[in-house]
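A.B. asks: In order, the protein sequence lines correspond to chains F and S. With the first sequence counted from 1, adding 137 to any position gets you this note's numbering. With the second sequence counted from 1, adding 2 to any position gets you this note's numbering.
A hint or two may mislead.
[Stated by the list, open to error] Using 30 Å as the maximum straight-line C-alpha spacing, the simulated DSSO-like pairs for lysine-lysine come out as follows:
no. : chain 1 : residue 1 : chain 2 : residue 2
1   : S       : Lys173    : S       : Lys315
2   : S       : Lys246    : S       : Lys58
3   : S       : Lys58     : S       : Lys314
4   : S       : Lys404    : S       : Lys170
5   : F       : Lys197    : S       : Lys173
6   : F       : Lys272    : S       : Lys164
7   : S       : Lys404    : S       : Lys75
8   : F       : Lys272    : S       : Lys208
9   : S       : Lys349    : S       : Lys242
10  : S       : Lys91     : S       : Lys404
11  : S       : Lys293    : F       : Lys272
12  : S       : Lys198    : S       : Lys208
13  : S       : Lys75     : F       : Lys197
14  : F       : Lys197    : S       : Lys208
15  : S       : Lys404    : F       : Lys197
16  : S       : Lys206    : S       : Lys295
17  : S       : Lys314    : S       : Lys324
18  : S       : Lys356    : S       : Lys164
19  : S       : Lys314    : S       : Lys246
20  : S       : Lys60     : S       : Lys173
21  : S       : Lys295    : S       : Lys356
22  : S       : Lys198    : S       : Lys404
23  : S       : Lys314    : S       : Lys151
24  : F       : Lys272    : S       : Lys252
25  : S       : Lys60     : S       : Lys77
26  : S       : Lys208    : S       : Lys315
27  : S       : Lys295    : S       : Lys315
28  : S       : Lys170    : F       : Lys197
29  : S       : Lys349    : S       : Lys164
30  : F       : Lys272    : S       : Lys356
Hint data in this document are derived by calculation from the structure and do not stem from the laboratory.
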Amino acid sequence: MPVRRRLTPYLLLLPGAAWLLVFFAVPMALMLVMSLQQGSLTEGYHLTWNWGIYPEVASKYGNLFVRSISFALITTLLTAAIGYPVAYTIAFHGGRLKNALLLVVIMPFFVSFVIRTLNWKMVLADNGLVFGTLKDLGWIDPAFRFLATPGAVVFGLTYNFLPFMVLPLYVALEKIDQRLVEAAADLYANRARAFLRVTFPLSLPGVVAGSLLTFIPAVGDFINADIIGARSPDVAMVGNVIQRLFLNVNDFPSAAALGFLLVAGTMLLVGVYTSLVGSERLTS
Amino acid sequence: MRDSEERTQIELAIDRILRQDPMSRRSFMRRTGRGGLALGAMLTLPSLLAACAPAKTKLEWANWPLYIDIDDKAKPDPTPYPSLNAFIKQTGIDVHYVEAINDNEEFYGTIQPDLAAGNPTDWDVISPTSWMVKRMADLGYLEELDHSKLPNWTANCADYAKGLWFDKENKYSVWWQGGITGIGYDPNLTGRELTKFDDLLDEKFKGRVGGFSDMRDMMTLTLASLGIDPTTATVAQAQKAKDKLLTAAKAGQFRGFYGNEYYDQLAAGDLVASVAWSGDITQMQLNDNDKVKFIVPADGAPRWNDNLVIPKKAAWIDQAHKLLNYWYDPVPATTLSEYIGYFTPVKGISERIKADADNYRSSGDTADADYYDVVAPSVAPTADQLAGTFDYPQFENAADEKAWNDMFLEVTTAAG
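For reference, chain S alone in the conformation it holds in the complex (with noise of 0.2 Å):
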């Protein structure tokens, strides 16, 4: 996930900004597309665009930033990515690994007009959320998966990670990495244990609290604060919830709504408490502040994953299904689990993780044994969080969802 200790601030300040908005020239071209569709003009340009591209060479995956192994000290070879370049030599599959995905909507609307036009994207597997994957399966924007290519997946899935809401059946989707969206807090700073999402809100804290600009994950924690299901939730309880968070927000109790941006801020102490990832807070502990506690707050927290999918008439689909499979061999998830810390799909995980910060100590390394340590337990989730914690609201239409979504620009902007 992070390496902060590598990089300086101002690199990963950069980084941040461009990954907020990158402009390639392909997304940028894409986006032209979008809008001249959504206006009735320019309908040519990315069918243009299309006809003049190379022959393949490369299975495209678009990822989130800072969500897989990296190694920025080695030659990439082919890629930055160890993991992924045993898969690239094992299979002789040449990956282009692209950390393209901030938003869901922002990403979805890139690759819609082409899904809606029967076209192919440029992309073979792409990772959404949970969400997102219902949205584009019932639009018939997925390729089914074929499981007799997935037996790693048949032998190696646990329980928690498979026939959810979204997808009942893993018709078209695989656990990628998950997590639970909780609390992270300096208690040094804040003076006392915080327990639920109602300390957020607390004044003593006013204006050095973080929240999230992902409407999913700050509607869930105020529904659930409300004692309102979020999952079943109406647009008049959703409107309860704005309520809340509107006045939060103008009395200025939020410092800032954030992406990734929290997290700096939060190690730095400049945010007393912030709604938080897991995963994330498990690498500030042990990389940037050992003080920062994660908590999943006691009425209600959102839990989440992000999968691998095939967009529709993906080119290479055969190799898609390889490089899913792939994933759910215990070797490479491990790797992965250890460097990013979220919740793994893969059975066992956290064991292995342990006897490898057992083999550390054995052999006398006992700081990357205490780091395998802390990371073993985190990377499964306990029976109380799958407890504690719900699924994203479901929206009856795409009208619900819109409004709930216009509910919360409000609560970013202050606005009214």
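Bound conformation, chain F alone (with noise of 0.2 Å):
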């Protein structure tokens, strides 16, 4: 039946663009309408096409923009720095103790990530477990403080999204055929070079997926920003702004502005990366 066969491809595709469509393309429509809408939570919302908006919220909110992706940005690289030696060694030196050193990397997230960051709250407390113990004695100065700076924001992300850039980093690392290490040898590849041409690259779709796992989260998240950030003005993030408008201001129409920017930007900043060192490499 060639008509059927020509479907086929279609209707296996259906459960996919049905999610797609149900959990994207939906939210993000009816994000985009409220948006437009002006009014009031008591008066009612009506749509008004207000593009205005747009324009309104960016200019007002730019430089939160950039605060978020250069955040995130930031964590992204540490996360890399750190996970890439974490993987390696768990994937290529970890023997027996594989399964258990994973495990390890993931314990933490059998505790909330609320508890978990609050935590790191009073461990870094001005006068908490570290610093308390290093004023006292006399290394650093008493009021240095870590807590409600930029630097303990992107702290708190780091660490919390570290195992995502783990995870995909093991599993491309692991099913790297070390023969092809060891050919690089026999050519006359020292360590680092065999690791620069031939273990690296084809690591490099945990790379590409590891660092989408972390910087589109980190992007958007508040958590951190509030706790960690103990609700300083200048390491608030976008998320921040959207979870107070939303909830505090009532202004709806400006909340669902500003996270239709960030999802629309965010999509961007993907697409533009993942065409940088092709989408294949997801997938291969």
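Take each chain as given, in its own frame, and dock them per the hints.
C.D. replies: In structure tokens form, the structure reads like this:
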């Protein structure tokens, strides 16, 4: 039946397409419609096609986009710098302990994200375990603080998203055929060269997947800025503004516009990134 | 209010976070319902939920966290709140006391869809702040009070606690507790006395000053410091206050803009000075740090109060009146004030606490006597305090209010 054969690929696409429609396209469309409304919670919101909201929120909160993206970028680089050696060691030198080590990596996930972040807040408090001790020893200035600084937020993000980097890297590294590295050695590549020419290129799918899994949620995160950032104004991220606009100011259109810009902006950045590194890296 | 000795820092912090975003099943459903309403979808979710609700057995009261006397050593019987238990025993009306309000707007958002649709909310009594009472009353979202059922209020309500701007005849509301938003600071850490709001912006304290996340408190303080009457300030005048705050925020003057979180940091000395609530600092002096002082800024500060109101179509209106009336009985009002230390609406409480202090002293319990001696003068505003403070800004319309909120959000996120 040639007709059925022609339809088969589309039928196979249906579940995925339905998923995208229900969980992405429809919410995005609703958010877009919300952003173009005007009014107040009490008087009700009415669709007025107020496109002017976009330049308005972009100029008001432009620096928060820059801030969020920089935090997320630094976080991604840090998780990669820390995660790569970890994944490499587990994949190539883990031996019998491989599974146990992987378990250790994801172990913190058994405890809620918020609770873990709160604990860091205590550990890193001005006079807490770490800095209190250092201050008592006279090694740092008594007025020194880490909480409520941009560094603290990046620290929190890095800690919380590290496993999202390690696991895809591990998967990519683990399946590299060790004989390829041996072959490189046979061809007079020293270890560094073999790593750069063989292991690293083969692990790129993991790097790409890991950096996307880290960067995308990190850009929109608001928990770290709220808890470790301790509500300091200069660490507020776009997610914090959206949350407060929605819950405290009840300004749904501005919140929706910012949310839409955030998703669109993230997609744009991810699009540029994947087209640079090649999206086949993700699937190979 | 607070009993930090009994609880570890971790417990308190977890409490706070949970309170900042209490996603109980109900509030989650309500938020879903609210978002859905705004988007024109899922209109029926709340009514579906209501349809399968069990028969009512308790009076539902939504209040702010840490706003009632609590005894966490005794076994809850039936609640951990001694003076509320006395009410339950006296009247046989079971009360479900919920610390459900962390933010006026946020809480309002959870009940607004039902009120707008003319449906009952789940609450019989709620405790909104002055301006929120006005908004809800203007929209017809509150039940009118029957004063014949509130004899204690008629007999015992202090003059400063009735006939206020947001409800001039107390048609809809009676005062629960109130206070002043001023400045708390530790003179040893600042190295000098602070007298006015601008002292908070002293560069020497950069990064060690706490602000509030409450727009009205911060804007009132700032407008007063600019010599503008906050009560009648226009959007253009508010803009000046915003510029002043935003400049300071961008320069890193404020360590953060807090709800309740400033308390621990000020007590620990991480903040040398902070915007603060009067009742909190009384508690801090008693329990956590006796060096911290509270001042009402010389150029003016906001006074505020939270109220007991009955939302429209509440199921237990009669029982709700009994609860309102109960809190104007001097006996529970004294217990409450001795514990939380805010401004009480009931006459003569200060004297009663003083008498308790004397009783303790004559029975040899000097610790408790000292405690009540500190609390006694703090539970009612002095004439000076009333004269040096302002009511909150009163907006002409919702658009103005939104403009103020938007401006202040820029401050708390150092935007632009």
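A.B. asks: Take the C-alpha atoms of S:Lys198 and S:Lys404, compute the straight-line distance between them, and say whether it is at most 30 Å.
C.D. replies: Given that 30 Å is the threshold and the Cα spacing comes to 28 Å, the pair holds.
A.B. asks: Is S:Lys208 close enough to S:Lys315, meaning Cα to Cα at most 30 Å?
C.D. replies: Violated - the C-alpha atoms of S:Lys315 and S:Lys208 are around 50 Å apart, more than 30 Å.
A.B. asks: Verify the proposed pairing of S:Lys198 with S:Lys208, using a straight-line Cα cut of 30 Å.
C.D. replies: 16 Å, holds
A.B. asks: If you draw a straight line from the CA of S:Lys404 to the CA of S:Lys75, is it 30 Å or shorter?
C.D. replies: Distance ~44 Å between S:Lys404 and S:Lys75 Cα, so the pair is violated.
A.B. asks: Against the 30 Å threshold, does the CA-CA distance of S:Lys170 and F:Lys197 hold or violate the hint?
C.D. replies: 39 Å, violated
A.B. asks: Could you grab the alpha-carbon distance between S:Lys404 and S:Lys170 and see if it respects the 30 Å cut-off?
C.D. replies: 25 Å, holds
A.B. asks: For the pair supplied as a hint, F:Lys197 and S:Lys208, confirm whether the alpha-carbon distance does not exceed 30 Å.
C.D. replies: 25 Å, holds
A.B. asks: Does S:Lys349 pair with S:Lys242 here, judged by a C-alpha cut-off of 30 Å?
C.D. replies: 40 Å, violated
A.B. asks: Hinted pair, alpha-carbon criterion (30 Å max): S:Lys356, S:Lys164. Please report holds or violated.
C.D. replies: 24 Å, holds
A.B. asks: S:Lys75 and F:Lys197 were given as a pair; does the straight-line alpha-carbon distance stay at or below 30 Å?
C.D. replies: Measuring from Cα to Cα gives roughly 50 Å; hence the hint is violated.
A.B. asks: Take a quick look at whether S:Lys404 and F:Lys197 sit within 30 Å of each other, Cα to Cα.
C.D. replies: 15 Å, holds
A.B. asks: Take a quick look at whether S:Lys246 and S:Lys58 sit within 30 Å of each other, Cα to Cα.
C.D. replies: 51 Å, violated
Checked against the numbered hints listed earlier, the structure breaks hints 2, 5, 6, 7, 9, 10, 13, 19, 26, 27, 28, 30; every other hint is satisfied.
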